[in-house]
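Asks: Sequence:
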Amino acid sequence: MISLQEFIKRSPSPWHAVQTAIAVLKEHGFAHVRESEPFVSDRPIVYSRDRTQFIAYIPGTTPSAGFSSVQSHTDSPALRLLQNGELKSNGSMFTVPCEPYSGPVLSRWLDRPLQLAGQISYLLNGKLKFKLVHVDKFGFIPSLAPHMLRGTDQKDWVPENEYVVCTTGDYKDKMSISDFSKKIGEIPAEAVITAVNLEISALECTQFGNILQCPRLDNLASVYASIHGLVKQMKVQTPHTRMICGFNNEEVGSQTRAGAEGPFLINWWRRVSGLDEKEFSSSLARSFAASADGGHANHPIKGAGSCNDPVPVLGGGMIIKYGQKQNYAFTDHCVSVAKAICISNNIKFQNWIGRSYKMGGGTIGNIVAAGSDMNVVDCGIPMLGMHSCVETCDLQDVEAFNNYCAGILMDSCKVLAQAHEEMME
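According to this note's numbering, the sequence shown is numbered sequentially starting from 2.
Just so you know, these hints were derived from the structure itself, not from any lab. Virtual Cβ for every residue (Gly too), placed ideally from N, Cα, C. You may find that some hints are simply not true.
With a Cα cut of at most 27 angstroms, we get these calculated DSSO-like pairs of lysine-lysine [claimed, not checked]:
#, residue 1, residue 2
1, K128, K184
2, K10, K132
3, K233, K10
4, K132, K89
Listed next, with one range per pair, are the computed distances between beta-carbon atoms [claimed, not checked]:
#, residue 1, residue 2, range
5, S177, S37, 43 to 49 angstroms
6, E161, S37, 55 to 61 angstroms
7, P189, P240, 28 to 34 angstroms
Take these sequences, add in the hints, and give me the full structure.
Replies: The structure is reproduced here in structure tokens:
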């Protein structure tokens with residue numbers, strides 16, 4: 002299994018993240034199929050939707066036993082190129098127009114090397130084609146010197162309504178994004194560009210002892226942990242099906258075909274289980290999901306304003322989330338199942354308990370719980386600098402979460418059944 006650092010390096014966009022996930026799963030024996038094809042019932046399968054969302058699963062021996070799952074998301078806050086924009090010359094540089102995707106902390110993107118990656122769609126000789134591109138060391142966004150802010154109330158400058166990335170290369174003034182895409186993607190001039198989805202992210206990935214600073218830890222660390230947990234179990238057979246899913250568009254609300262609010266999850270289980278309606282509903286009651294996403298760690302100066310004390314710290318273990326506003330999925334029995342798995346596997350964990358009067362973000366957890374009628378608990382790793390272009394975590398927590406995901410996939414359905422028995426007393 003590749004390292005988290007290598008997984009992130011090979012995943013500079015959601016399209017690349019899904020491509021990397023599929024490649025790793027194939028290396029460990031999963032069959033890659035199209036969503037439109039019939040599924041083989043007796044072997045591990047992985048398939049994707051829109052090349053930004055994927056499901057991988059190991060079939061169980063008894064469909065009515067339900068399924069265990071770890072569910073994450075493949076997208077991260079970023080800057081994306083404007084599809085109808087154009088490059089403009091500025092001395093020896095060219096400016097490339099872009100706009101925010103979700104809520105990146107824009108001040109952190111200034112004055113640092115940035116990469117460009119994503120997918121270009123085009124029509125060539127009557128056939129649609131889709132190409133992944135990655136330009137290392139693409140450009141930068143310059144900040145303003147403090148001398149240029151004198152006489153204003155601003156202590157610093159952050160782009161507000163107009164965003165550009167500066168780059169160099171053999172480009173032309175007023176070159177369209179379509180022509181620019183052809184050039185960087187080495188696409189024939191006669192092709193017609195039909196869509197451009199290219200995003201900007203940071204390059205650096207640095208380790209200080211156990212501390213790791215990387216772009217897109219939110220939420221590639223969770224995608225990685227889910228894959229790590231699943232491939233460890235390839236040779237083990239269970240009555241229940243074990244599944245991982247990487248949704249898209251969590252950062253913009255999940256209300257898309259490839260998002261957690263779409264029909265992807267339920268449609269998958271209907272196809273795989275083959276159960277009639279009564280058995281299908283019963284199997285969902287026996288199923289368990291971990292909604293895997295990052296959480297705020299204790300900042301050494303500011304603490305974590307949206308979390309009650311004691312605030313989780315880096316190196317203290319994975320986190321299990323609570324929120325009385327139900328922005329995180331938690332019920333007494335689901336949290337108990339998660340903690341039972343941690344305790345039985347000697348996994349360090351911390352409680353992340355949100356303040357009810359202060360919103361601390363949200364996840365796919367209750368979206369999945371409400372849409373599928375499943376048992377869901379929210380969990381993840383603590384991190385600093387969330388939504389910055391470089392985020393910080395502790396590799397000890399990553400290892401704990403890898404083991405937790407394996408435990409959820411293997412044992413959560415069994416522990417859930419015991420909890421249901423006890424609640425009948």
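Asks: Each hint needs a verdict: does it hold in this structure or not?
Replies: Verification of the hints:
no.: 1; hint: K128 - K184; verdict: 19 angstroms, holds
no.: 2; hint: K10 - K132; verdict: 18 angstroms, holds
no.: 3; hint: K233 - K10; verdict: 22 angstroms, holds
no.: 4; hint: K132 - K89; verdict: 25 angstroms, holds
no.: 5; hint: S177 - S37: 43 to 49 angstroms; verdict: 34 angstroms, violated
no.: 6; hint: E161 - S37: 55 to 61 angstroms; verdict: 44 angstroms, violated
no.: 7; hint: P189 - P240: 28 to 34 angstroms; verdict: 53 angstroms, violated
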